[in-house]
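With chain S fixed as given, assemble chain L onto it according to the hints.
Each chain, written out:
There are 2 protein chains.
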Amino acid sequence: MILRPTQPLSGFIELTPVQQRVFDLISTRISNVFKNSGFMRLDLPAIERAEVLIGDQDSDELKTQIYLFEKGDTKMGLRYDGTVGLARYVSGHVNDLFFPFRAFQLNRVYRGERPQRGRYREFYQMDIDIIGEQTLSTNYDAEIIATLANAYGSISEFVGPTIIKIGSREFWNAFFEYGEFDENESRAAFSLIDKKDKLNFDDFRNALIDSIGKDKTEMVLSVFENKYDIWADKSERLTATIDDIKTFEKQLESFGIKNYTIDLSIMRGHAYYTGIVFEFYLTDHPELNSVGGGGRYADLCSRFSKNQYVGVGAAIGLSRMIVALFDQNKIDLSRFESVADAAVLVMGNDRVAYALNVLAELRGHGVSAIPYLDADKKFKKQMEFANKINVKYTVIIGEDEEANKTATVKNMESGDQETMSISDVIKKLSDGVR
Amino acid sequence: MILRPTQPLSGFIELTPVQQRVFDLISTRISNVFKNSGFMRLDLPAIERAEVLIGDQDSDELKTQIYLFEKGDTKMGLRYDGTVGLARYVSGHVNDLFFPFRAFQLNRVYRGERPQRGRYREFYQMDIDIIGEQTLSTNYDAEIIATLANAYGSISEFVGPTIIKIGSREFWNAFFEYGEFDENESRAAFSLIDKKDKLNFDDFRNALIDSIGKDKTEMVLSVFENKYDIWADKSERLTATIDDIKTFEKQLESFGIKNYTIDLSIMRGHAYYTGIVFEFYLTDHPELNSVGGGGRYADLCSRFSKNQYVGVGAAIGLSRMIVALFDQNKIDLSRFESVADAAVLVMGNDRVAYALNVLAELRGHGVSAIPYLDADKKFKKQMEFANKINVKYTVIIGEDEEANKTATVKNMESGDQETMSISDVIKKLSDGVR
Chain S
-6 MILRPTQPLS
4 GFIELTPVQQ
14 RVFDLISTRI
24 SNVFKNSGFM
34 RLDLPAIERA
44 EVLIGDQDSD
54 ELKTQIYLFE
64 KGDTKMGLRY
74 DGTVGLARYV
84 SGHVNDLFFP
94 FRAFQLNRVY
104 RGERPQRGRY
114 REFYQMDIDI
124 IGEQTLSTNY
134 DAEIIATLAN
144 AYGSISEFVG
154 PTIIKIGSRE
164 FWNAFFEYGE
174 FDENESRAAF
184 SLIDKKDKLN
194 FDDFRNALID
204 SIGKDKTEMV
214 LSVFENKYDI
224 WADKSERLTA
234 TIDDIKTFEK
244 QLESFGIKNY
254 TIDLSIMRGH
264 AYYTGIVFEF
274 YLTDHPELNS
284 VGGGGRYADL
294 CSRFSKNQYV
304 GVGAAIGLSR
314 MIVALFDQNK
324 IDLSRFESVA
334 DAAVLVMGND
344 RVAYALNVLA
354 ELRGHGVSAI
364 PYLDADKKFK
374 KQMEFANKIN
384 VKYTVIIGED
394 EEANKTATVK
404 NMESGDQETM
414 SISDVIKKLS
424 DGVR
Chain L
-6 MILRPTQPLS
4 GFIELTPVQQ
14 RVFDLISTRI
24 SNVFKNSGFM
34 RLDLPAIERA
44 EVLIGDQDSD
54 ELKTQIYLFE
64 KGDTKMGLRY
74 DGTVGLARYV
84 SGHVNDLFFP
94 FRAFQLNRVY
104 RGERPQRGRY
114 REFYQMDIDI
124 IGEQTLSTNY
134 DAEIIATLAN
144 AYGSISEFVG
154 PTIIKIGSRE
164 FWNAFFEYGE
174 FDENESRAAF
184 SLIDKKDKLN
194 FDDFRNALID
204 SIGKDKTEMV
214 LSVFENKYDI
224 WADKSERLTA
234 TIDDIKTFEK
244 QLESFGIKNY
254 TIDLSIMRGH
264 AYYTGIVFEF
274 YLTDHPELNS
284 VGGGGRYADL
294 CSRFSKNQYV
304 GVGAAIGLSR
314 MIVALFDQNK
324 IDLSRFESVA
334 DAAVLVMGND
344 RVAYALNVLA
354 ELRGHGVSAI
364 PYLDADKKFK
374 KQMEFANKIN
384 VKYTVIIGED
394 EEANKTATVK
404 NMESGDQETM
414 SISDVIKKLS
424 DGVR
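Quick mapping for you: the protein sequence lines, in order, are chains S and L.
For the first sequence, position 370 (counting from the first letter as 1) is numbered 363 according to this note's numbering, and the numbering increases by one without interruption.
For the second sequence, position 178 (counting from the first letter as 1) is numbered 171 according to this note's numbering, and the numbering increases by one without interruption.
Next up, chain S with everything else stripped away, as it sits in the complex (with noise of 0.2 Å):
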């Protein structure tokens, strides 16, 4: 028989044991900021259909990169990401739900791109939203950047500190209306100021001006050199949408975030928000450049439904983010390495019944532990498997042991060891590892 290749498909992540511990406390740390929030988890199928996922409207890029198959008649495909699946979920459960709906996911999604770095074909992406009918306050778009933020502030040992960068869509169209730019200049400038990050200045700046002239460019160019304030008095709807931002601030304030910035540079690229629009990147990998980010959009459902639904979401990149500071070595996993409390060490086949009663207590009493069956090897084999797990103890069981109902406990780290009965066996690893 010829053997099958052992490596996954490129583009695809494995993650080592510590490494996944690592990653699953990541996400369980979110997910629980996420649910005292009062996010509800939905977990929706992987595979839909087609025409699902495929809207009027999405570049010949998009489709290229759906895996799609098919059974039998039906056209399906594996999602991209979580807001098809949401959109149609609420579109079909208006009547077991309330609104505002508010919803997280933890989820896979599948991109069929070119494997590069930082590039996945299948990830994790964790995505909160907050759903209206026909209307929704944007003080709600503040709890949806607090809650992002808390969820980044619990996994701060890992990815330390985050800056949160806010810009506004609505800020634009009224600077593109006041200024009187048609929809060729206010699309190819939208496009440009998207990109301005990813430029340097002239760059920016000449591109400007062969989209859209001079005067216009030192328009637009004067909203990042100057306060972007000063265009509030020059039209009813500047003023408004200032306001709006002025008033957007002390909400964040009120939630406790001091780590956001007023960036209008930031616009985030998808054509459906409509509102403000963030982005997060953390301070001390700015290489791996946006973690996460979201905004609000007009109309979630147009796909699936003729009432329209308002909303302000949000996505973390999880995989893309945990799995680069793996790369990198910027996670320290020494912590992480031991899989158990302890391990359970077995004289001989003739005291492994003992041995289950013993393992059995233990775990029973919270404390996880690992036995080593194959009791009949030697004690030196026992010792290396229990080196090898990273314990801190080992409780070892003798004839002795057996005898009077005790167990040996070893801390692999002083090499002290103790014989005790076993209901201190577990008052110690209880102690030991708490």
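Note that these hints are calculated values from the structure, not bench results.
A hint or two may mislead.
As the list claims (entries may be wrong) - Cut-off 27 Å, straight-line C-alpha distance, at most; resulting in silico cross-link-like pairs (DSS-like, lysine-lysine):
| # | chain 1 | residue 1 | chain 2 | residue 2 |
| --- | --- | --- | --- | --- |
| 1 | S | 28 | L | 374 |
| 2 | S | 385 | S | 323 |
| 3 | L | 28 | S | 420 |
| 4 | S | 299 | L | 370 |
| 5 | S | 68 | L | 56 |
| 6 | S | 239 | S | 158 |
| 7 | S | 220 | S | 191 |
| 8 | L | 28 | S | 374 |
| 9 | S | 381 | L | 28 |
| 10 | L | 323 | L | 385 |
| 11 | L | 381 | S | 299 |
| 12 | S | 64 | L | 68 |
| 13 | S | 243 | L | 398 |
| 14 | L | 398 | S | 239 |
| 15 | L | 207 | L | 188 |
| 16 | S | 64 | L | 56 |
| 17 | L | 398 | S | 251 |
| 18 | L | 28 | S | 370 |
| 19 | L | 28 | S | 421 |
| 20 | L | 370 | L | 398 |
| 21 | L | 371 | S | 243 |
| 22 | L | 243 | S | 398 |
| 23 | L | 421 | S | 28 |
| 24 | S | 28 | L | 28 |
As the list claims (entries may be wrong) - Taking CB as the label site, the calculated pair distances span:
| # | chain 1 | residue 1 | chain 2 | residue 2 | range |
| --- | --- | --- | --- | --- | --- |
| 25 | S | 223 | L | 412 | 41 to 47 Å |
| 26 | L | 107 | S | 240 | 55 to 61 Å |
| 27 | L | 254 | S | 63 | 41 to 47 Å |
| 28 | L | 280 | S | 343 | 42 to 48 Å |
| 29 | L | 44 | S | 279 | 39 to 45 Å |
| 30 | S | -4 | L | 233 | 30 to 36 Å |
| 31 | S | 230 | L | 106 | 55 to 61 Å |
| 32 | S | 240 | L | 392 | 14 to 20 Å |
All values reported here derive from a predicted model rather than from experimental measurement.
Using N, Cα and C, we set each Cβ at its ideal position, and we do this for glycine too.
Chain L alone, transformed into the frame defined by chain S:
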């Protein structure tokens, strides 16, 4: 634009938010049992190379069930169980792992079967395995069963008690050898015994007679009619295997497992088992048939490695079991309807900043809270929302509350309400919900 369908594809599971909370609680409880027993979580890719998924000896039926597709020149597909990925992972990471290697998986698997009641195209399965290099003591078989028993025990409030039926492949191999069954007779008898529970006694007996003749049929039937241990002295191999079964029973009892029975009709179809096999049934829900099971296998990684890896493993059919109980309304969801500890209602937009402050305080102290931030909506409308989300307490923020840095707490069951300091609110809500 033509509206897309809002229902998931047939054969795919979509839970309500309340069902999802129960499902997540159940899978967390079982995961914790596995972790407490020293199993490490593996979260392997859902997509594998086609050549990895399809073995040389796999049936055409299996092949048609796999979702296969291509990207570029690569043929790939969705995993149909957790075992293939585990075998690939172990073979590819031999130097990163220590043996016996203990892993658990909580994963979605995919089968393109024709959808029917209780059969899904995407479902969660939980796998645990202990894998040794070349040898592995059968003591671990008892440990796997005990761990699975604890797993079901941890969710007994939802599924009730279990009964474990334990069979032995080796008993039958020894029995067929002693009875001089030829290869065809062994295979026919094996396959009929595997189906025994689905046939009535006469059909079972007649099918046996057709395949292996009257004398051998009477031999087989006597195993079920009398105690199997009357065969103990017939051959050395029978003596050894029956001794092993007796030892195994003692080990289970050492683990405190009493809810088992030796039932030699348990065969567990799949070809790869070589020793003990077992199935778990819910005492209160016999119509679900087996809800989990497993056994010992002699060669896990033959598709990937020349080295021999022996193991014992088990799987819990999580989605199938839980969704069947949901469908039959056998799980009381009423305890889980509350999404959060409290709703926070805000009397007007001028109160929002203070309300967000209170919200951050509550959440920071572990009180989960959902605000109603369309703050200009009428009090009645806001109260309707609090009623719908089924919270026990509502925290009301009005002008007086802001002025005095207080909040009014309403108990939604009794209707009592009281104005108090924020620290008292936290105290009351923490007491009330824990």
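Problem - Violations among the numbered hints - result: none
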